[in-house]
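> Generate the whole structure from the sequences, applying the supplied hints.
Protein sequence lines, in the order shown, are assigned to chains A and B.
Our numbering numbers the first residue of the first sequence as -8 and each following residue consecutively.
Our numbering numbers the first residue of the second sequence as 139 and each following residue consecutively.
Any given hint could be a false lead.
[Claimed, not checked] Across the chosen pairs, the derived CB separations fall in these ranges:
(1) Gly372/B <-> Met(-8)/A: 48 to 58 Å
(2) Pro161/B <-> Gly42/A: 40 to 50 Å
(3) Pro129/A <-> Lys144/B: 14 to 24 Å
(4) Asp296/B <-> Arg44/A: 30 to 40 Å
(5) Ala212/B <-> Ala146/A: 36 to 46 Å
(6) Lys61/A <-> Lys218/B: 39 to 49 Å
(7) Asp216/B <-> Asp104/A: 29 to 39 Å
(8) Gly42/A <-> Thr356/B: 54 to 64 Å
[To be verified] Pairs of lysine-lysine, PhoX-like flavour, derived with a Cα cap of 20 Å:
(9) Lys31/A <-> Lys61/A
(10) Lys31/A <-> Lys209/B
(11) Lys31/A <-> Lys218/B
(12) Lys166/B <-> Lys144/B
(13) Lys142/A <-> Lys218/B
[Claimed, not checked] If you want the footprint, here are the derived chain A segments under chain B, 3+ residues with CB under 8 Å:
(14) -1 to 7
(15) 14 to 26
(16) 98 to 104
(17) 113 to 122
(18) 128 to 139
These aren't lab readings, by the way, just hints derived from the structure by calculation.
Treat the numbers as computed from the prediction; the structure is a model and nothing was measured.
Even for Gly, the Cβ is constructed at its ideal location relative to N, Cα and C.
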Amino acid sequence: MDTALRSELADLLPRALRFARSLTRDAVAAEDLVQTAYIKAVERIEQFEPGTRLDSWLYRIIQTSWIDEKRRDQRRGNVISFEDARETALPMQNHGGTDRIFLQAAMASLVEDQRAAMTLVLIEGYSYREAGDILGVPDGTVMSRVARARKILAALHDDDSNLTNMTASSEVRHDH
Amino acid sequence: MTTELKEQDYVLLSAYIDGELAPTECRKLEDRIANCPVLTRQFNIMAGQSIVLRNQSDRLLNDRVYPELSKSIADILDQKPVAKRNPAHEQTESPLKARAANNNTAIWTGIGAAAAVLLAFVGGNWFNENLTNDPVALAPKTGTHLASFSQIGNPVLDHEISLTLEKTLSGDIRHVALAQNQTRDSASDIQIEPLRTFRQGGRFCREYRVTFPVDAATATQDGFYGRACRTGEGQWETVYRLIPGVELPDLEEATPSKHKL
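In structure tokens form, the structure reads like this:
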């Protein structure tokens, strides 16, 4: 493998892992997914077209590997994330829905398609078209997934604001 | 003026925040945002949340890329043979096998087969019910297994496992010192590591492994695997524990009612 290409792939590891975590929502599963994707990347390195984005190419491999993994999981039982298992409510603590921890938990509550689209667009900075290429869907689909995800996050903000108001009212009643 | 937003409004606001709207659409939407309090409020929320999420991406980027993984990826890129870690959900063979490589090899080799047998009983709690009353399991072990604490029927250990399953992410290791070993040195350090999480029979379940020192002088470790399902806040019910040296109950003796299959 070309030295520069090898170096670029190695440098992409933290971002690849972050994307894998957004798909799997499980640290261990994400590491497995990244390893699988890198093995496939090395095997298919001849298919990479110089001059195109290596990160998008790697992300696409991660995405397809994850789909393969899920198909296998369907045969052996549904693996879910620890966040799901804890069944805990979002950490609504009157922070107006823009608290980092709150948003991180809220992101984890999105369905996988929306979370993947949000991660690529919002965190990785891809355009809708680029994200669509990685996810194997039209850019219009990315647009609607991101919009739906944002609508859900905004609704959670409203829920939190309501909680804030309720808390404030009860405090007023308590004062009297 | 808009009083209630439509789906299309969310799409437009979202695309606007992402810089995906055409200039003419941008101007139209900006006019609407300026003149409509409902749209203004929604835009402020969505844009504010986007900023926070973007800002935390760097923190996520630096979040725990373990040296082990970096090394493994480097080996893959250099096309060296890679000892790919067994995914937690494919553990038909114990990853502890390598760690407990002293004279426990034969014991751990049997665990893969044991797991295969036990999985047939998942959901019925049959194995656990029998194991906890099984004199073989409760009896002090001989030979290579010299643990200083009981792995079954030990409420302190059970509590620590529950606490770990409730609060610790898969892949993270929680270090605890049990009551009789409170000195918390390397020789008394008990490690509990959740391995994977999944839903089964409407409950959330986790598999884990517990590792503990057997002989401080030789740094020998032993351990076991377990599965537990969550029954309530902080409450985890043991489904089974795979303990080296413990004979499995004879499957033929189990009554159909106990199997619950």
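> Confirm or reject each hint.
Consistency of the hints with the structure:
no.: 1; hint: Gly372/B <-> Met(-8)/A: 48 to 58 Å; in the structure: holds, 49 Å
no.: 2; hint: Pro161/B <-> Gly42/A: 40 to 50 Å; in the structure: violated, 29 Å
no.: 3; hint: Pro129/A <-> Lys144/B: 14 to 24 Å; in the structure: holds, 22 Å
no.: 4; hint: Asp296/B <-> Arg44/A: 30 to 40 Å; in the structure: violated, 51 Å
no.: 5; hint: Ala212/B <-> Ala146/A: 36 to 46 Å; in the structure: holds, 44 Å
no.: 6; hint: Lys61/A <-> Lys218/B: 39 to 49 Å; in the structure: violated, 29 Å
no.: 7; hint: Asp216/B <-> Asp104/A: 29 to 39 Å; in the structure: holds, 35 Å
no.: 8; hint: Gly42/A <-> Thr356/B: 54 to 64 Å; in the structure: holds, 57 Å
no.: 9; hint: Lys31/A <-> Lys61/A; in the structure: holds, 17 Å
no.: 10; hint: Lys31/A <-> Lys209/B; in the structure: holds, 17 Å
no.: 11; hint: Lys31/A <-> Lys218/B; in the structure: holds, 14 Å
no.: 12; hint: Lys166/B <-> Lys144/B; in the structure: holds, 16 Å
no.: 13; hint: Lys142/A <-> Lys218/B; in the structure: violated, 47 Å
no.: 14; hint: -1 to 7; in the structure: holds (count 5)
no.: 15; hint: 14 to 26; in the structure: holds (count 8)
no.: 16; hint: 98 to 104; in the structure: violated (count 1)
no.: 17; hint: 113 to 122; in the structure: holds (count 5)
no.: 18; hint: 128 to 139; in the structure: holds (count 5)
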